[in-house]
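Respectively, the protein sequence lines represent chains A and B.
Letter by letter, the first sequence follows residues 1 to 178 in my numbering.
Letter by letter, the second sequence follows residues 1 to 369 in my numbering.
If you are wondering where the hints come from, they were derived from the structure by calculation, not from laboratory data.
Bear in mind the structure is a predicted one, so any value in this text is a computation, not a measurement.
Note that CB positions come from ideal geometry on N, CA and C, so glycine has one too.
Zero decoy hints are in this set.
Quick list of the computed label-pair ranges, beta carbon to beta carbon: (1) 17(B) - 155(A): 36 to 44 Å; (2) 64(A) - 268(B): 22 to 30 Å; (3) 81(B) - 14(A): 48 to 56 Å.
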Amino acid sequence: MAGSPRDERAWVRGAQNGSVSDLESLFRHHWPRAYRAAYLVVHDSAAAEDIAQEAFLAAVRSLDRFDRRRPFGPWLHRIVVNRAIDWSRARTLRREAGEAGIENVAAAAAPDSPHARSLAEALAELSPEHRAVIVLRHLLDYTPGEIADLTGLPRGTVNSRLRRGLDHLAMRLGEEVQ
Amino acid sequence: MTQWRDPAPGEHEAGDRTWEIVRRAYDERVRVPHKRDWRPVVAIVVGVAVLAAAFSPPGLAVFGSLRDAVRGAKNAKPALASLPAVGRLLTESRAGVWVVQADGSKRLLRGYRDAAWSPHGKYVAAVRGSELRAFEPNGAVHWSLGRTARISGPRWSFDGFRIAYFSGATLRVVNGDGTGDRLLTRDVRPGPSAWQPGRHTLAYVNRAGNIQMANVDKRDRTSTVRTSAAPKQLAWAPDGRRFIAVQDHAVEVFWQRGPRIGGLDRGAATVEAASIAPDGKHFAFVETKHGRSSLRLTGLLGGPTSPIFSGAGAFANVLWSPDGRWLLLDWQSADQWLFLRTPVKKLRAVSNIRANFGADPTLAGWCCP
Chain A
1 MAGSPRDERA
11 WVRGAQNGSV
21 SDLESLFRHH
31 WPRAYRAAYL
41 VVHDSAAAED
51 IAQEAFLAAV
61 RSLDRFDRRR
71 PFGPWLHRIV
81 VNRAIDWSRA
91 RTLRREAGEA
101 GIENVAAAAA
111 PDSPHARSLA
121 EALAELSPEH
131 RAVIVLRHLL
141 DYTPGEIADL
151 TGLPRGTVNS
161 RLRRGLDHLA
171 MRLGEEVQ
Chain B
1 MTQWRDPAPG
11 EHEAGDRTWE
21 IVRRAYDERV
31 RVPHKRDWRP
41 VVAIVVGVAV
51 LAAAFSPPGL
61 AVFGSLRDAV
71 RGAKNAKPAL
81 ASLPAVGRLL
91 TESRAGVWVV
101 QADGSKRLLR
111 GYRDAAWSPH
121 GKYVAAVRGS
131 ELRAFEPNGA
141 VHWSLGRTAR
151 ISGPRWSFDG
161 FRIAYFSGAT
171 LRVVNGDGTG
181 DRLLTRDVRP
191 GPSAWQPGRH
201 TLAYVNRAGN
211 IQMANVDKRD
221 RTSTVRTSAA
231 PKQLAWAPDG
241 RRFIAVQDHA
251 VEVFWQRGPR
261 IGGLDRGAAT
271 VEAASIAPDG
281 KHFAFVETKH
291 GRSSLRLTGL
301 LGGPTSPIFS
311 GAGAFANVLW
321 SPDGRWLLLD
331 WQSADQWLFL
341 RTPVKKLRAV
351 SNIRANFGAD
361 PTLAGWCCP
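Isolated chain A, as found in the complex (with noise of 0.2 Å):
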């Protein structure tokens, strides 16, 4: 699954027209980033699936109004990464009020990767506004402007959360991060 401009536009094209197997291919092509990029925002695996779940849903609900011209994987990410720190700051919120229960939905992902080893353990001790940027920038590859665009941030403090986080990281992970 090659998933260049070209073939994204073809699957959109075709999952518009009412074919399910270009829509498992955006999907099958989509998932992992979606899913990890929300994963290492939230730090539960189960909040990541709905989180990146209703991002796909929400593709479906559009599909028939998506402009084939735009690249489908931004506007995919932008859902992603915004409800993620929604999710994140909600659960501060909640911790914050002392709320019962909330341990028995937002279970615990059992440390079985080095995402929940290392790197997740590392982006965890950053804000969710962090976390969120960093992960644009390394996981999915975004440039600082296009962050910039994603977020609605000033371009200026885009490039100031990269250098904390990645000052950040570096430190914990005892390596040198660009």
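Please build the complex by placing chain B on the supplied structure of chain A, with the hints as guidance.
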């Protein structure tokens, strides 16, 4: 930093689960054809109409029709002659509970409130004073149950064998024959509750504002479904696999024990009520924003949200007919009910609802072929 490329925990399994949901949502979506943008044309037409109104007698007629639109649907019937589909309606007002038959005949059960149909419409559960009563639509009381705390919100289970109701700040359950009354929980916000079809499992809102599921026969079987805001209405799809939670500005869709699988964030609009179609594939909802209200339809598993009807003022509620062919819209501020054939082909309006049913009329249920 190679770890960026490593899969996150649960990534593959979650992907497989989500693909199934996305594929179903895709299959069930309501397709919206690409439309030409008519807004510039409409703006010109409206402008011409305004000028015409200012300068000519025919133009004044245009203002007249606009005024009618604000007041409600034109050509409304002054009274409900008959229902457009099979079944019976339950409606409430300050006078009591009304049972409306398909032929338009109606009976007032004076002094009752908070009424609910039994599963096949043979009985009604309602509250009178400090008593919960089960009676036939002709008013013959089968049993009653008194409590000191205020009773509200009775709901029958799918088989009629259980009734859940609120008593003060507690949630209680009684058998359908009036026996076995017991406390279910004190951890509840009185208001919304809904029985899962096919089970004795009740969904309600706990004090924290999340949805609690409880099998009323097996007290250890409870689960919690988190919500972003406390729901004001809960409703199950007929297959019992999904349910919706209506919040002030959103409608969330969940699998039977969570997680959230979709929903609508309506932003500044206030969602008043929602109703799942008998086919379980769609739900209709009414919302209000800036003094106007809309009735909209969308897929339970996603798809576009299609406007069905909009008007000035407040829409209070919407119900599906038992055969799923009609929507009944309570246009409260226009004092009208609108029966809308779906897909929208016909509209039947009935006016003078307050005069016909009494002050503060509300829809309580449309039941049973």
